[in-house]
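Q: Protein sequences, first through last, are from chains D and Z. Heads up: the first sequence begins at 1 in the numbering used here, then just goes up one per residue. Heads up: the second sequence begins at 1 in the numbering used here, then just goes up one per residue.
All clues given are correct.
If you want a taste of the chain D side facing chain Z, the calculated C-beta under 8 Å gives, among others:
1. Ser4
2. Ile9
3. His24
4. Ile26
5. Val38
6. Val57
Reference listing, derived: stretches of chain D covered by chain Z, where coverage requires no fewer than 3 residues with Cβ under 8 Å from a Cβ of chain Z:
7. 11-21
8. 91-103
A few chain Z residues that don't get close to chain D, going by computed Cβ distances all over 12 Å:
9. Phe46
10. Thr48
11. Tyr74
12. Glu78
13. Ser86
14. Gly104
These are computed hints drawn from the structure, not numbers from a lab. Note that CB positions come from ideal geometry on N, CA and C, so glycine has one too.
Protein chains: 2
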Amino acid sequence: MTDSIAATINTRANVYFDGKCVSHGITLADGTKKSVGVILPATLTFNTGAPEVMETVAGSCSIKLAGSDSWQSYGPGERFDVPGQSSFEIKVEGEPYHYICHFG
Amino acid sequence: MTDSIAATINTRANVYFDGKCVSHGITLADGTKKSVGVILPATLTFNTGAPEVMETVAGSCSIKLAGSDSWQSYGPGERFDVPGQSSFEIKVEGEPYHYICHFG
Numbered sequence: 001m002t003d004s005i006a007a008t009i010n011t012r013a014n015v016y017f018d019g020k021c022v023s024h025g026i027t028l029a030d031g032t033k034k035s036v037g038v039i040l041p042a043t044l045t046f047n048t049g050a051p052e053v054m055e056t057v058a059g060s061c062s063i064k065l066a067g068s069d070s071w072q073s074y075g076p077g078e079r080f081d082v083p084g085q086s087s088f089e090i091k092v093e094g095e096p097y098h099y100i101c102h103f104g
Numbered sequence: 001m002t003d004s005i006a007a008t009i010n011t012r013a014n015v016y017f018d019g020k021c022v023s024h025g026i027t028l029a030d031g032t033k034k035s036v037g038v039i040l041p042a043t044l045t046f047n048t049g050a051p052e053v054m055e056t057v058a059g060s061c062s063i064k065l066a067g068s069d070s071w072q073s074y075g076p077g078e079r080f081d082v083p084g085q086s087s088f089e090i091k092v093e094g095e096p097y098h099y100i101c102h103f104g
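Use the sequences and the hints to build the structure in full.
A: Structure (structure tokens):
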């Protein structure tokens, strides 16, 4: 699990779904862009541009990828891949879900 | 206005007031700790430990410090000081309020 990341952080947050998801964009020294964020208890649908790897920092979630009928659950330290130009449903219950989103 | 900050970012967010305020702690190369966060439309009361300087990144807010009867408004690039071991009310209306919290 990645507790901290050395990077340049955008001070303006991204606020999605009326604040059910809040993230801050970060840029690593090598130019790699990621985001660190939190999703509050909710079931949300996200669309992807680039492929994403979601890394769970704390909490847990269930995920249903576009075209799939099944939900898969992920906890701290676990990752899941989302294809680009696609979408996924994420369900968070109880506690906030903290994540790092790796692109590309 | 400070668009970005080079720092080590805590990947786990601080979630206050059921998500009405979400921040990420950051540590600068010299050890200075700050946080970058966002407050959704709400009226909230925060207690301070150390003195704080709140820097507005985007959006606006109104503030009433403990012991004061008056509200003061702050917009992008504007800062306000909050004494340590005190409290303040913050009112955000319409759009999210994005901030950097400088301590000490």
